[in-house]
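Q: Chains V and D are the protein sequences, given in the same order. The numbering of the first sequence is this note's numbering, which starts it at 28 and goes up by one. The numbering of the second sequence is this note's numbering, which starts it at 36 and goes up by one.
The set of hints was computed from the structure by calculation and includes no laboratory data. Even for Gly, the Cβ is constructed at its ideal location relative to N, Cα and C. Hints should not be assumed to be uniformly reliable.
To be verified - Facing chain V, from chain D, some residues (calculated, C-beta under 8 Å):
hint: 1; residue: Arg65
hint: 2; residue: Leu99
hint: 3; residue: Gly100
hint: 4; residue: Leu104
hint: 5; residue: Met277
hint: 6; residue: Val279
hint: 7; residue: Lys283
hint: 8; residue: Arg285
hint: 9; residue: Ala297
hint: 10; residue: His300
hint: 11; residue: Tyr318
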Amino acid sequence: MDLAFSPEETAFRHEISAWIRDNLPAGWGTPEFKEPKTFEERLEFSRAWEKRLAEAGWAGISWPKDYGGRGTTLMDQIIFHEEMAAARAPQIFINFVGINLAGPTIMAHGSEQQKKRYLPKILDMSEVWCQGFSEPNAGSDLANVQTKAVLDGDNFIVNGQKIWTSFAHVADWCLLLCRTDSSVAKHKGLSYLLVDMHSAGIEPRPLKQITGEAEFDEVFFTDVRVPRAQLLGEMNMGWTYANTTLANERGPAFLAHQIRFRNSLNDLFDSAKRTMRDGVPVAEHPAFRDRLARAYAEVEIMRYIGYRLVTSILRNGRPGVEGSIAKLYWSEMVRRFQETSIAIAGLGGMLDDEDGFDGGKWNRGFSMSFAQTIAAGSSEIQKNIISERVLGMPRGEVWAPKPKEKV
Amino acid sequence: MDFDFSADQYGLRDEARRFLEKQCPVSHVREFLDDKAGWSRDLWKQMADLGWMALPFPEQYGGLGQSFLDLVLLLGELGRSLAPVPFLSSVAMAGQVILAHGSEEQRARLLPGIASGDRIAALAVSEQPQGFGGTSIDMHPTQDGDTWHLNGEKKYVLDAPAADLFVVAACVGDQNRWFVVEEGARVTPQTTYDPTRGAGSVSFDDAVADPLEAPFLFPGLQLATAAVCAEMIGAAEKILDMTVEYSKQREQFGRPIGSFQAIKHKCAEMATELEAARAAAYYACWAVASGAEDAALSSHIAKSYCSDQLAHLAGEGVQGHGGIAFTWEHDMHLYLKRIKTAQVFLGDGPYHRERIARIVGL
Ligand SMILES: Cc1cc2nc3c(=O)[nH]c(=O)nc-3n(C[C@H](O)[C@H](O)[C@H](O)COP(=O)(O)OP(=O)(O)OC[C@H]3O[C@@H](n4cnc5c(N)ncnc54)[C@H](O)[C@@H]3O)c2cc1C
């Protein structure tokens, strides 16, 4: 057991932190900086920032050099995330799906030609990706995907509907999970297509979210032609590939989130020190003090869990089912954290935005926290996975509709 | 980055598990339940033969030259088997305090007996039920030339009935530090909630006390705290194992209760609490053993989380068993009591969270 970083890793840390310091968007982090507010503003801002990161070669740190990456280690990638967060640099936003989901999935299952075609364009930010998995009737029960792809000569013809597809209306490409065989068990008839979002017949409609902004969409597919060459891996193996995507969604990006939460924690502590309650700062009020210290402990423990996860990847080559335990811990922790934050506001929590406590930042955080326990496999689904695959408990519950009574 | 134990450390764990399953089944633990001062001298002797007590001490003090980290999984196994021996107190707490704070002369005098198992040391900190450490220590030694004397009473001293050597926290001026009392301590064994363990009060009447050289409670107290967490992990693992196992066997409504989602999700939550507790406990063990910057903070994080979350886990373990766990016959209550006792020992959740709050500047 040794949690120290090597001299090479430390040198890399200095290199990246110096780069970040010199390259942060002008005015970033100063009180004068006008944070992008609407989705459009954030989009424009993050395109510029993420492009700058990409040009300096920070986008695919652990990706092979052949595909435009740096070809270094997972540890370097983690250090990059840590330094980005420590410097409070803007988070990866628009390219999140590309770098964290599309890239690793294509690397794991794509043909050489596909890797050469798609990966460099993710890294240089010239193509943005979205994840077309969920449907109105296939959420937690993802294997129930009904969007159909029928082979017609050299093309698939795709029909159906996706929902909750983050960034669909700005994406160039989509990781599309669709049904290619309805005659077999539901998870055996799925295929994984790489779909050009500019194809005829695709219509994304933005959905306004809990925060009032539209970050995700419902997406309609009507007779969309997808060249056969854009099938990932083999026909009807989509479920396996989808699980790679999901494992990455629950993987190492984790540690970056942790440090972001440490930043939020510092902000929250500042808030708690300058907000008075019953004549004393909230930070000195025993009930709140205990909750704040608990939040601190829980955020730190997330770092330790992240280190254990990374160790398991380094030792065994890939994240195991422990990813589900980490995901459950962290999502539930985020929910508790945001409840504690908004509690500090007291009645201030009744108001939002410019009238709100700390500009409504904790209200937004609270609303957003539900994404953690719902998306990327809800907490309940993680508990199913943990109980069945980690603890070996019996699968599934038997349920049958009540027999209709005879009249 | 390598945040896991080595193959050797896992090897020792496996060996310890096999040994304890054979030599220390719960039936053996139960032989001592009714005896306030009872503990297994037999088992202790066999453990000494295996060299376990010598493990974490340098060779010049009769040890095997391994580190505190090599103790961590072993402590877990002792927790898992509820072994009725004073290993935690003597080797992992008091022994480590002497190693960390003692002068060369003090270590050479005290450690060989502990490392061979011939002497048993206990850590005496608390004097009152509420609060812990800091200002709750009100024992003030008196100095007479070069000799110090202790008066007063320490309470809640784990393994006091087995011990012949006490490492005592006392206050000189406004500084708490460790004293060693080799003779003249009067032990009153007390009835413990966790019947697998002995504890008692220890009173001193002008007992000669030798101040350990390094004049603080830290890092000794952190080492002891991390050790308690490491032991709790083992007991908690066993609770989860028992609960999952039982849920696969016990049938109600014509199916294993482990097929009910309420039970499955309970177990998944327990597994998650356990993994987080492990991460916290092992991190603290590493941090205190290697003198990391965040050693103090991490020990408070670990103990606050283990205290409250593992106590929750233990309660869920009882719940998952139903009526059978309410019997004296079933072993679950022994584990519940083990964890509930450890929850408050060396500071409960609120105490450690208050320490966190101070360290992080709240
Ligand atoms: C912010 C956000 C962004 C998202 N982005 C994307 C995206 O980019 N691409 C994409 O494909 N999807 C995306 N999703 C969709 C997300 O993956 C789904 O919302 C999620 O899988 C849950 O599906 P559902 O919404 O249909 O809820 P349901 O599956 O209907 O679940 C409703 C409730 O029932 C519970 N439940 C369901 N099944 C079980 C069971 N077997 N046992 C116990 N409880 C159960 C759930 O836990 C939940 O509490 C996003 C979601 C959010 C919130």
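Q: Given Val279/D was flagged as interface, is its beta-carbon under 8 Å from a beta-carbon of chain V?
A: holds, 5 Å
Q: If you take the shortest Cβ to Cβ gap from Lys283/D to chain V, is it below 8 Å?
A: At about 7 Å, which falls below the 8 Å cut-off, the nearest Cβ of chain V leaves the hint on Lys283/D intact, so it holds.
Q: With a cut-off of 8 Å, does the beta carbon of Arg65/D approach a beta carbon of chain V closely enough for the hint to hold?
A: At 28 Å from the nearest chain V Cβ, Arg65/D fails the 8 Å test, so the hint is violated.
Q: Holds or violated: Ala297/D as interface residue toward chain V, Cβ cutoff 8 Å?
A: violated, 10 Å
Q: Taking the least C-beta to C-beta distance, is His300/D closer than 8 Å to chain V?
A: holds, 4 Å
Q: Please verify that hint: Leu99/D, Cβ, nearest Cβ of chain V, below 8 Å or not.
A: Violated: closest Cβ of chain V sits about 18 Å from Leu99/D, beyond 8 Å.
Q: Quick one, is the Tyr318/D hint okay against chain V at 8 Å, beta carbons?
A: For Tyr318/D, the interface hint holds, since the closest Cβ of chain V sits about 4 Å away, which is under 8 Å.
Q: Tell me if Leu104/D is really an interface residue toward chain V, meaning its C-beta lies closer than 8 Å to one of theirs.
A: Holds, because the Cβ-Cβ distance from Leu104/D to chain V comes to roughly 6 Å (cut-off 8 Å).
Q: Minimum Cβ distance from Gly100/D to chain V below 8 Å?
A: Violated, about 17 Å.
Q: For the restraint on Arg285/D, tell me whether the closest CB of chain V is nearer than 8 Å.
A: Arg285/D check fails; min Cβ-Cβ to chain V is 12 Å, beyond 8 Å.
Q: Does the closest beta carbon of chain V sit nearer than 8 Å to the beta carbon of Met277/D?
A: violated, 12 Å
Checked against the numbered hints above, the structure breaks hints 1, 2, 3, 5, 8 and 9 and satisfies the rest.
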